[in-house]
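Participant: If you want the building blocks of each chain, they are given just below.
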Amino acid sequence: MSVLIFVEIDNGSVKKTSLEAVAYGAEVAKMTGTTATVLALGKADAAALEQTGAFGASKVLHASDDKLTHENSLAYADVLAQAVTQEDSKIIILAKSGLGDAVAARASAKLKAGIVSGVTELPVINGNFTVKRSIFTGKAFSNVEIKSDIKILVVQKNAFEATESSEKATIEAFSPVLRDQDFQANIVSVEKASSELSLTEANIIVSGGRGMKGPENWQPLLDLAGALGAATGCSKPVSDLDWRPHHEHIGQTGIKVAPNLYIACGISGAIQHLAGVNGSKYIVVINKDPEAPFFKAADYGIVGDVFEILPKLTKAVEDLK
Amino acid sequence: MKILVCITNVPDTTAKITFTDNNTKLNKAGVQFIIGPYDDYALARAVELKEKLGGSVTVLHVGGADAEPQIRKALAIGADDAIRVNAEPVDSYFVASQIAYVAGQNNYDLILMGRESIDFNSGVVHGLVGEMLGIPSYSPVMKLEIEGTTATLAREIDGGKETLSATLPLVLGCQEPISEWKIPNMRGIMTARTKPLLVVEPVAMEEFTAPGNYSLPAPKGACKMIPADQAEMLIKLLRTEAKVI
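The listed protein sequences correspond, in order, to chains A and B.
Quick note on numbering that gives the first Met the number 0: the first sequence kicks off at 0 and runs consecutively.
Quick note on numbering that gives the first Met the number 0: the second sequence kicks off at 0 and runs consecutively.
The set of hints was computed from the structure by calculation and includes no laboratory data.
A portion of the hints provided could be inaccurate.
Unchecked claim - Taking lysine to any residue and the SDA-like style, the derived pairs with C-alpha atoms no more than 20 Å apart in a straight line are:
1. 27/B <-> 16/B
2. 242/B <-> 225/A
3. 131/A <-> 18/B
4. 15/B <-> 302/A
5. 287/A <-> 269/A
6. 280/A <-> 209/B
7. 66/A <-> 163/B
8. 160/B <-> 280/A
9. 1/B <-> 149/B
10. 146/A <-> 226/B
11. 27/B <-> 289/A
12. 287/A <-> 302/A
13. 287/A <-> 242/B
14. 223/B <-> 320/A
15. 295/A <-> 142/B
16. 295/A <-> 226/B
17. 235/B <-> 307/A
18. 320/A <-> 191/B
19. 142/B <-> 163/B
20. 15/A <-> 251/A
21. 295/A <-> 206/B
22. 15/B <-> 218/B
23. 146/A <-> 163/B
24. 295/A <-> 224/B
25. 223/B <-> 289/A
26. 223/B <-> 304/A
27. 223/B <-> 140/A
28. 160/B <-> 190/A
29. 223/B <-> 290/A
So that you can see chain A by itself, here it is in the shape it has in the complex (with noise of 0.2 Å):
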């Protein structure tokens, strides 16, 4: 009956939204007066899987099958399905991404569950199980009754506030059924910029627009990040333009984002560009237009030229180390 928090691997390590949907899996656990169970798939380092002990989960379910290590949502849905049948659960857990949405909802088909996904709060639960999930691209908020018999959230990050301890879950082996289907796809080229820090990932993004003048001038922004140990980002004209590579891209049609600090050097703030940052806890932008309309939906603004200020910014974070 454990809650089943499904996790996602990158390098061996839990990913960190994965580790934030664990806290939010262990809370709903409490809240039901079960424990949590984190479902690990492929290579994964032990001490890694033991730590999600820290976020509340009592034991770890580890597909090691080394044909599990590259993502596959098809395979990834079928063998959570598996998990939740052997463990009897009837609340899954995924953190929000292009890879959870599409394991939760294979396996929402499977299991006939229903599915909500983009949670941004714990659910309440008082007989009805209730859940508040984000809309319109954060523009709006919807209350949604889950009344299937098994639920399926996918939550988004900062919908919890995780905090860590000392404890350590317990390890067991899972064996899956495995099926040649779900393995049939040829993967032909991964390309993967790992060097870089992921953006949906990151507490820190500095990102810039247009009024960067060109890619040339992009080193002062890298700079400020590399202080932050931020992740970059970009508007959709820079990416359109090629100035930044489009996996770069933030907003509607690009990544949505949900940092702690957004910062925006240069960005107009096109109502487009703020759907994919609205998620983010505190704003700043620079700007040399007064008038620019991503004033209105920041924390913190700097009027003036974004090339003056930064290396300022920059030398300030230096100052506090």
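Since chain A is already given, all that's left is putting chain B on it; use the hints.
Facilitator: Just chain B now, with coordinates in the frame of chain A:
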């Protein structure tokens, strides 16, 4: 090549979202509705594939009659016919079940849709439909080529890109730059009027969720402005006040 493109009918990205009836209904007054922007990319690619490989493009929408202008627009862009399942969508599972039912009666080689709808942002319908039909689903697909019965597609994975090939039939959630949005031309608009639009009733199914009320986020406090010549003050505030660095 028989392609099914599923489209949503959603408020324009710039629409101001408010609710009526004690926050239980979207206030549609003054809101412009559009084909979901991601669905629009899927449709554009479907039309290109049809032009290249022959075959047909059918547009499917699950929703009320108020979506018909958007369905006609999809026909004007180049789809051959359309199906509307006449139902108020309950949730993703409901919509996916209706799509899977229609798809199950026609053998489509490809079922395309946007990576997510921009109203509920779930991004789970393609996965649900794939599982319901027992075929693979992939998302978000940024490049799609078809040769015979093999699809080669590039999709975004965390921090990078994966290229894979798979055998049709497939369900794909699409996003840019899979194609460029198409604007209907006059001939398209004229012919769209007479293209078939079939209205079917939904299949009955168990509903797993029940919608409750809506709410709006708390209004944002005023932006604290920092003079440019004291920019370093920002870093201090981020540490002591916001406590984020």
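Participant: Decide, hint by hint, whether the structure agrees.
Facilitator: Hints versus structure:
1. 27/B <-> 16/B: holds, 9 Å
2. 242/B <-> 225/A: holds, 19 Å
3. 131/A <-> 18/B: holds, 16 Å
4. 15/B <-> 302/A: Outside the cut-off at roughly 27 Å; violated.
5. 287/A <-> 269/A: holds, 15 Å
6. 280/A <-> 209/B: violated, 30 Å
7. 66/A <-> 163/B: Roughly 16 Å between the alpha carbons, so the hint for residue 66/A and residue 163/B holds.
8. 160/B <-> 280/A: Given pair residue 160/B, residue 280/A is violated - Cα atoms ~28 Å apart, limit 20 Å.
9. 1/B <-> 149/B: holds, 14 Å
10. 146/A <-> 226/B: violated, 53 Å
11. 27/B <-> 289/A: This hinted pair is violated, its Cα atoms lying about 33 Å apart.
12. 287/A <-> 302/A: With a Cα-Cα distance of about 5 Å, the restraint between residue 287/A and residue 302/A holds, given a limit of 20 Å.
13. 287/A <-> 242/B: violated, 26 Å
14. 223/B <-> 320/A: Violated, at about 25 Å.
15. 295/A <-> 142/B: The hint is violated at about 36 Å.
16. 295/A <-> 226/B: holds, 17 Å
17. 235/B <-> 307/A: It holds: about 18 Å lies between the C-alpha atoms, which stays within 20 Å.
18. 320/A <-> 191/B: violated, 65 Å
19. 142/B <-> 163/B: holds, 10 Å
20. 15/A <-> 251/A: violated, 23 Å
21. 295/A <-> 206/B: violated, 40 Å
22. 15/B <-> 218/B: holds, 14 Å
23. 146/A <-> 163/B: Roughly 37 Å between the alpha carbons, so the hint for residue 146/A and residue 163/B is violated.
24. 295/A <-> 224/B: Distance of about 11 Å is within 20 Å: holds.
25. 223/B <-> 289/A: holds, 13 Å
26. 223/B <-> 304/A: Measuring from Cα to Cα gives roughly 18 Å; hence the hint holds.
27. 223/B <-> 140/A: violated, 26 Å
28. 160/B <-> 190/A: Measuring from Cα to Cα gives roughly 5 Å; hence the hint holds.
29. 223/B <-> 290/A: Answer holds: residue 223/B to residue 290/A is near 14 Å, not above 20 Å.
The structure shown violates the earlier hints numbered 4, 6, 8, 10, 11, 13, 14, 15, 18, 20, 21, 23, 27.
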